[in-house]
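> So the chains spell out like this:
Number of protein chains: 2
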Amino acid sequence: MSREKFVYLFDEGNSNMRMLLGGKGANLAEMTLIGLPVPPGFTITSEACNAYLDNNGEFPSHMLDQVFAALNNLETRTNKKFGDEKDPLLVSVRSGSAVSMPGMMDTVLNLGLNDESVKGLATLTGNERFAYDCYRRFIQMFSNVVLNMDHTLFDDIVERYKRKLSLIFDYEIPAAELKSMIEEYKAVIKEQQQFDFPQDVKDQLVLAIKAVFDSWNNQRAIVYRRLNKIDDHLGTAVNIQCMAFGNMGEDSGTGVAFTRDPSTGDRELYGEFLVNAQGEDVVAGIRTPMPISKLKDELSGVHQQFIDTCAKLEIHYRDMQDIEFTIEKGTLYMLQTRNGKRTARAAVKIAVDMVNEGIITREEALLRVDAEQINQLLHRQIDTSVKLNPIAKGLPASPGAASGKVLFSADLAEKLGEAGEKVVLVRNETAPDDIHGIIHAQGVLTARGGMTSHAAVVARGMGKPCVCGCETIKIDMDNNLFMVNGHTIKAGDIITIDGATGNVMIGEVSMIEPTLSDEFETLLQWANETKTLAVRANADTPEDAAKAREFGAEGIGLCRTEHMFMAMERLPYVQQMILAENLSEREEALSKLLPFQRDDFYGILKAMAPYPVTIRLLDPPLHEFLPSRELLLLEVAELKHNKADSQLIWQKEELLKKMQALSENNPMLGHRGCRLGITYPEIYRMQVRAIFEAMIQLTQDGVKPFAEIEIPLVMDVSELRMLKDEIMDVYNEIKTSSGVELEFAVGTMIELPRACMTADQIATEAEFFSFGTNDLTQTTLGFSRDDAEGKFIPIYLEKRILKDNPFAVLDRTGVGELMKLGIAKARSVKPDLLIGICGEHGGESSSIEFCHLAGLNYVSCSPYRIPIARLAAAQAKLKN
Amino acid sequence: MSREKFVYLFDEGNSNMRMLLGGKGANLAEMTLIGLPVPPGFTITSEACNAYLDNNGEFPSHMLDQVFAALNNLETRTNKKFGDEKDPLLVSVRSGSAVSMPGMMDTVLNLGLNDESVKGLATLTGNERFAYDCYRRFIQMFSNVVLNMDHTLFDDIVERYKRKLSLIFDYEIPAAELKSMIEEYKAVIKEQQQFDFPQDVKDQLVLAIKAVFDSWNNQRAIVYRRLNKIDDHLGTAVNIQCMAFGNMGEDSGTGVAFTRDPSTGDRELYGEFLVNAQGEDVVAGIRTPMPISKLKDELSGVHQQFIDTCAKLEIHYRDMQDIEFTIEKGTLYMLQTRNGKRTARAAVKIAVDMVNEGIITREEALLRVDAEQINQLLHRQIDTSVKLNPIAKGLPASPGAASGKVLFSADLAEKLGEAGEKVVLVRNETAPDDIHGIIHAQGVLTARGGMTSHAAVVARGMGKPCVCGCETIKIDMDNNLFMVNGHTIKAGDIITIDGATGNVMIGEVSMIEPTLSDEFETLLQWANETKTLAVRANADTPEDAAKAREFGAEGIGLCRTEHMFMAMERLPYVQQMILAENLSEREEALSKLLPFQRDDFYGILKAMAPYPVTIRLLDPPLHEFLPSRELLLLEVAELKHNKADSQLIWQKEELLKKMQALSENNPMLGHRGCRLGITYPEIYRMQVRAIFEAMIQLTQDGVKPFAEIEIPLVMDVSELRMLKDEIMDVYNEIKTSSGVELEFAVGTMIELPRACMTADQIATEAEFFSFGTNDLTQTTLGFSRDDAEGKFIPIYLEKRILKDNPFAVLDRTGVGELMKLGIAKARSVKPDLLIGICGEHGGESSSIEFCHLAGLNYVSCSPYRIPIARLAAAQAKLKN
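As you go down the protein sequences, you meet chains A and B in turn.
1050 is the number of the first residue of the first sequence in this note's numbering; add one for each residue after it.
1050 is the number of the first residue of the second sequence in this note's numbering; add one for each residue after it.
It is worth saying that the hints were derived from the structure and are not from the lab.
No copy is singled out in the list; a pair is fine if it fits within one copy or between any two copies.
Cut-off 30 Å, straight-line C-alpha distance, at most; resulting in silico cross-link-like pairs (DSS-like, lysine-lysine): (1) Lys1706 to Lys1689; (2) Lys1235 to Lys1213; (3) Lys1168 to Lys1213; (4) Lys1874 to Lys1278; (5) Lys1707 to Lys1523; (6) Lys1343 to Lys1390; (7) Lys1928 to Lys1278; (8) Lys1852 to Lys1869; (9) Lys1848 to Lys1784; (10) Lys1848 to Lys1707; (11) Lys1641 to Lys1753; (12) Lys1239 to Lys1135; (13) Lys1879 to Lys1928; (14) Lys1689 to Lys1707.
Next comes chain A alone, as it looks inside the complex (with noise of 0.2 Å):
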């Protein structure tokens, strides 16, 4: 930081150099340079700012003097003079870095004014109560801002001053009140500070300058670059510029606008503006600002070059803007433009529009919308304009919002779901049998269980709303209630959840309809245009399958049979299988199994006809599927209590035995996966009869499926060998017996360090593969997710050791490293393998980049999330 010019006059910068005079002042100087008027000012740099606060607090030696000449600069031009008696140049000072900060320290209007300056301003103005305003405010905001003094000390001055006089406006308050007030705000200063208020002007700026630096570590500050992870080492500019005042009269005024409607895109402006006031009027609150289309009648004469000038900054930018103005006298004046915040709907119209109006290109257009941000286009959320006040905070497990009854029973949930009623279902967890209770429920509450919890994957895949480990929650299941943070809700309250805050709020709360627009499906089709990556989807029903398709997936990525066997009327069959004594038993079970995984099979494979589905055999621990432990315990020892039944007692001890023998210490790691296929082969073979025979009858039905068999968990080579031998065993059975020869292709998940590292010799025997990366991330840091979302990893993101969650976003240092390693190795066999990837990561835009980035063939993801990873697959291959 050898540069020794730490002050830049507007008509020296533009708009590249905001790392060096911050947003606002890049853009100030770019609006100067391009002939907008704007109130003449200099900035003084980032660079200052960081070398003043790594110096203790002492300003780079010429800082000053080039703080002062730059000013003299101001006086030249303006022909005024910096605390002159008689025509006192007045100045605003506002913070700005390089990423807008609402944390920071905000602005200081009329800097230069003091007992005597003032005096000029009301002769020269002929306007003795503005020139006391003006003062007054300038006091009121150096000591709340500069000196952080409370601000109500002044304001409780200001509403004796108006009971007194009978006033309701501020400006109503006479010149000699003003005075006294003044007086007033000093004495008030002496009392607090110990000292006078500053009456050299040059002071006043000096601590002013030092007040925004210093405003760059304060706490507030530091919180939000936290949470919104920004560069603690950007620093901040200060602008220091000519004052413009609004308020000096009926021809005067100020206000805010945006170029377009910044919540539904519309172009029209879109905006307030009050006449007679300074800036901080708009946004206090005690006078109604008029909408932006009154400026016509209020302000007429500066009314076109109004319009003229948005449009100028609009095509000068290629963006919407976010600008303040002041008309001083009937002047127009710029005081700040930016690129304008806008909703996910306003951004996606915005973006469409411009490309129609010839002023951004579709690959532009593709980029200016945030993917991740369109999330909320596709589910109904919370109106954001209402002001929440959450009862309590649980994962945000399924995106969306909905309200209705608490219900505590998924029985009860079903029949006043059926009914018309809208419910949402409580409950400590949730487990297969209550999956009828979930259907016809709006959303579901659960006070355990994280992101992977059976009611998070069963809710995202309905694409219903659900807040899970919610531990803050008492559900006292003999009274029908939970208890919360001192409230009590009781079956049949309403509650409002938030699935993608994980917010609980009593009551109902208003809500915003999911809106897919034309705007949207234009921008989703050049989405299709220019990605390489292909979009595939997440679903285990021909429901889900049919959805995937609406939403544009190119092929079911993973389906997960498992889920299959959590439903009510086979997971007898399923507990039958996998409590059987002998391989006969377990065939008896299987067989009742088989004409369900047919049907399944049928269902989904025609959906998606003649799209792939990547079909995952049997992957979750046994144990899984069998009811909770602790309760068949609690229930034997009640059986002895009371003395029940020996046979039954007997029954029920046998059958906790079985589940002893089942029960794993870390069932991530353990008996599951094709570990299952390798210790019972007839599972699997059953499994993938299922679907042939399934194939068989489609391709009699004049379908095309085309079935990709994908072994889970393989962590090495002779794995997946020996039950593709299976596969092929069973196949070659059905096609001697049907005479049909089907297309299907046998591949694997890479969830496994070990199978990234030998991926060669997997390749060998695979025609694909799939990473399975949340399982892959679990292994590779030693997460257990179920255990890490909600202990360690919050810890751990607030001491910034994580900078994301890594099973949300895919950890490209670690798990992102050996997906490379395991590619490059499998396509130095194998060079055209088929290479996608089914976890979480499939739909989240930055590991959708990485997945372009490492050669990948497809993602995939929840069908909710297939138009954002096509908007993401886009953005990658544009960016790189």
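Fit chain B to the given chain A structure using the hints.
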């Protein structure tokens, strides 16, 4: 395989041709070469066998021509003719592959006899009984070995004749009766096989060769190869050799001998022989053979020649030999020689003796002893000569054998143990509060839990035998007994457990005490002079540290602080710490633990000074220190049922809730390791304070300690950086207050794939690495050790998906490659970084070889495996 030569005369081969000629054939050729008296013969190659097996049982062309040409050569040399009615050439046919395989076809003697040639033999030898006895034996062996007939068919006939003639021994049956027996034999064959016993001697030979070839793929051979990991494609050779007859009278005989005692290694001939007998009589057990020392008396004519031959063989082969010999009418013939199998004790003594005798070099001696086998020398073991009847088999959790009274209570075990009784503690599983019982027991048997269960870890640390996870035993605590496979074992009954095999036997079994001979010390001394890897110990107590030094440890590579937390008098404070509601409660509990930890570290650092001690900060999930949640659940249910004091119920329920909050789905991947240090820095601060305070005290006591403070389960450099800051903060406080400077290092375990992938980053902050290969194996393969070893690893081994249990033998393909990647990355930034291994692989010889190859600086293992590690490290150096 274009070789066209399928048959080698003994004169044409040598001992280097064992792959082609098999071990037996190669050594017969070698003995012929060095001029020892070997009956002439030839070998059909294993390549011929493989060609035959590959070609559906058809001999390769020309093979039989070569066989008969070789036979012709034998006829010329012996001046006999194959199948001749006057002077028939008789041969033996024996299988022999490159690797000794007792599961295969054995020997056929006297081939070439038929109804005519037997007469010639009778005339020629003037011994009709001899000739017909030979014929009778031949038919019997041929029928059994070549025709696969049950030998009892013939034994029954022999028994009937002996009963009829009132004879005791076979050789007493007179010629006439033998002839009649032969007719009966032939009738049985005709009846069973539907063909006559082959009279064409060429048919006899061809059938015998086929039988040997086919035997390569019989069930026993396949199972044996699987068990012993022998390549299925070796094939077997066939040795055809002129008969030498040990059954030609009192000047004839046959025997087997070792050139040194295979059980002690003493330098004296060891073996046995029978006068007037053929080979199979020695092993048949009908007559009791004489010890080889009697040879001088019984067959004095050949005694000196025999001794000289043995000496010559030993010098020639440079190893102890296991030989077969026959004496025919005073002439010595050698029929086989091979390196003799021996006990660990003998292996050590023979290797060291042979160096002293100038036969082999020290390097050869080091390579002669199987490192794994010397484990036998370090623990009491079951006498291998005893036939065992195990009633159950569990996991071999801690080597050594123990007998004692069964007790089910740790308190009682302590009481009786202190009173001098030998007891075996039998539990479903052990917990920290059973330790006093384990200390006073001879060994531990548990029904549940794997190789890393509490009982296993504690027992290995104490060097006590332990059998874990013996799931077939059903413990009935109410009646103080356990049942297993129909046996009921009551408290006080004596059992024997073998921690090396997992066997459980009723009663006391004869045992062999461990012997650490001078030769053993010498060999280990040579190992130290050879190896480049340092060997450290895993030790958690001063006693273990002292034991480790006795065994030659050069430091402690892993001191687990959590084992200290488990001690009875500390557990209440540990639990108080875990259940603390806030920081001050937690710090209060920690302050109680500090003096204990300081004393621990004082003792360990002192015992090992000046060698380094790697102290791992707290690693396991906290709920491991809490009582069983299931038991508490039942207790609460019981209390409620009995309407107990509501205050008590409330307390227990509160505890249950806290335990619920702490419980994890996959604790192995949960809130443990450095995650505890990050979330509760005060725990690690207490631990390092204890280390530093102990070091200061030691310094003041004139000891020079060196601590390596180790952070477990690091997945990212920022974890290490943050915790290193905490450590240095505590150090600086202590340095300032005490004025003492200490020597220590801060480093990390590398036990997660992500740590390997980012080892270059981690190395910048680490002063040493230690690979925790237990955890690294778990995460790389996705195997929970607790769940995998009992459930699917045995099946994986059986199906040959895994060659070895990856928790016993380091998986070089997956884990090893990740380690090499990590080492390369780390050394790219710190070329001299100290890197060790502390997983249990550190004591296993094949894994140690890998560590040597991978460039590690040291291995660390349990004290009792240090000698193994030293030897294996030397072998790794010599082999590579």
